[in-house]
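Q: Residue numbers (the working numbering), protein chains in the order written: chain A, 645 to 938; chain B, 239 to 503.
Keep in mind the hints are simulated off the structure, nothing from the lab.
Among the hints, erroneous ones may be present.
[Claimed, not checked] FRET-style restraints, in silico, Cβ to Cβ:
1) B:Lys422 with A:Ile916: 46 to 56 Å
2) B:Ile494 with A:Asp814: 40 to 50 Å
3) B:Arg338 with A:Tyr698: 15 to 25 Å
4) A:Asp841 with B:Leu427: 48 to 58 Å
5) B:Arg338 with A:Leu807: 57 to 67 Å
6) B:Asn496 with A:Pro681: 26 to 36 Å
7) A:Thr700 with B:Ile380: 50 to 60 Å
8) B:Lys422 with A:Ala878: 46 to 56 Å
9) B:Ser252 with A:Asn897: 56 to 66 Å
10) B:Arg338 with A:Ser890: 45 to 55 Å
11) A:Tyr698 with B:Pro428: 50 to 60 Å
12) A:Ser701 with B:Ile455: 46 to 56 Å
13) B:Pro428 with A:Asp665: 22 to 32 Å
14) B:Leu427 with A:Asn750: 36 to 46 Å
Everything numeric in this text was worked out from a predicted model, so none of it was measured.
The C-beta atom is built at its ideal place from N, Cα and C for all residues, glycine as well.
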Amino acid sequence: MNVIEINKLTKYYGKSRGIIDVSFDVKEGEIFGFIGPNGAGKSTTIRTLLSLIYPTSGSAKIFGKDCIKQGEEIRKEIGYLPSEVFYYDNMRVIDLLKYSASFYKNVNKSRIYELAEIMNLDLKKKIDDLSYGNKKKVGIVQGLLHSPKLIILDEPTSGLDPLMQQKFFDLINEENKKGATVLFSSHILSEVQKMCDRVGIIKDGKMVRVDDIHTLQSANYKKFRIEMKEAVTAEYFKLEGVSDLSVDKTTVNFIFSGDINKVIAKIHDKTISNLIVEEPDLEEIFMHYYEKEA
Amino acid sequence: MNVYIQELKMSARSAIYWTIGMISLLAMFMVMFPIISKDAALMQQVLSKFPPELARALGLNTLDMSTLTGYYAFLFTYILLIGAIYAMKSGISILSEEIREKTADFLITKPISRTAIVTAKIMSTVTLLLLQNIVFIASAFIVSGIVSDKPFDKNVFMLINVTLLLVQLFFIAFGLLLSVIMKKIKTVLPITMGVVFGFFILQLLNQSLADEKLAYITPFAYFDTAQIIETASLKGNFIAVNLALIIIFTAFTYIIYNKKDIPSV
């Protein structure tokens, strides 16, 4: 069964593009990664699902119900965590969470304390006095306290330290095991890879494709920057799987896909002064991964 | 109900401050009444030196300052002005605040319809307004009783006071409509002041020019205190216009807010 069904959803803000003909489904019980660079239309899609904004054309259904006509009904079962959280500054955390809980029927109040405990959140503080990361925790608790059937996360990890990110991922996984479906938007491929079953990729307002995560994982791109002691020729690094190779005297840059040991073997007997291996950003992956397909 | 209570909590403090402000102004004016009423003849003489247009604009020509109701009607113009500013500010803020403070995402993604949000917010504003009016009118009666040694017409006095609520409701409704039409309101007070003083200046013009039709375009002209004192009644046609406009503004507020895109943070 599909929890989310998006059909040719289009949104223009006046003349500027939001999203164009976006269609995809999210199945019940899965964690669906929704990735794309900033400004690609992730938030626009999510905000339409939550009827914060209205589509120019197309439609979206959640739990088989129309997002606009039956929005109120649908939102009973949704937990939403926006990328940037803002709450009423003068309220204390516990009051905000109780206010949030008051919108839902049959909320188990002890769940608030349980979640706050896990996220290490001080309930007595005023919202105004919280750091950005702590506000984010408030966002996580208010998004999960009613045990929603669908969890929508819009770039949820910004502002959380790695330890909290891990706790947060554990929480989401736990909810997912209990049956919650998750729509997880991010521009960081690695965190999506860790969590998700399937991913949808959006670029310039259009869905590029929807893939099984394993398909993406097999294309394991790494971005290399090697500073050699002595100048080398470009020829030296012409390996299978190397692309975007640029050599400027002693500095070598390229993107590599394949067995990393092959690169290591190449630099093994050379003296290098620096070596940086990074995850390429999404733009770069799009470039390489989709150039072939197009 | 939860949104209604939340709104009450968030706006109560401001309502209290504004009410205290109005009562302070009232008290300040009223303590001067015994002196002014005693020297009414002298006052009248001073006022007669005013250019007639100015006297008309300020409503001084028709009010008998030696009586309590006459004097009260004169100062009430300024009470009305403050009350209108408060109402307009509340009207503009109550929906736009969520967008300005970026809390709209929180509220609108809850299982509550936008119609219910607007209703809860209007109800809470009107509740505070009613309380403000009750407290203010009670204070006005008490203060007037203290400063006036002669009995005054309680009926007329009450009618003058009732116009505060009627004008305030107009400004709330107008503020609400403005707030949903405008895309994003950065600061509330400048718009509030601009609109309220705009209407107030129209009223000064209206009184100065004594043009029948001009009176319809500013709520400050709907309830002429001099006429209330004279006839001990409010004019039905202006009550009707006032109420009709309030209903129209409110209806459009609901319609527009229901279709509005919430700007992302």
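Q: Would you pick out the hints that fail for this structure and give their numbers low to high?
A: The structure conflicts with hints 5, 11, 12, 13, although it agrees with all the remaining ones.
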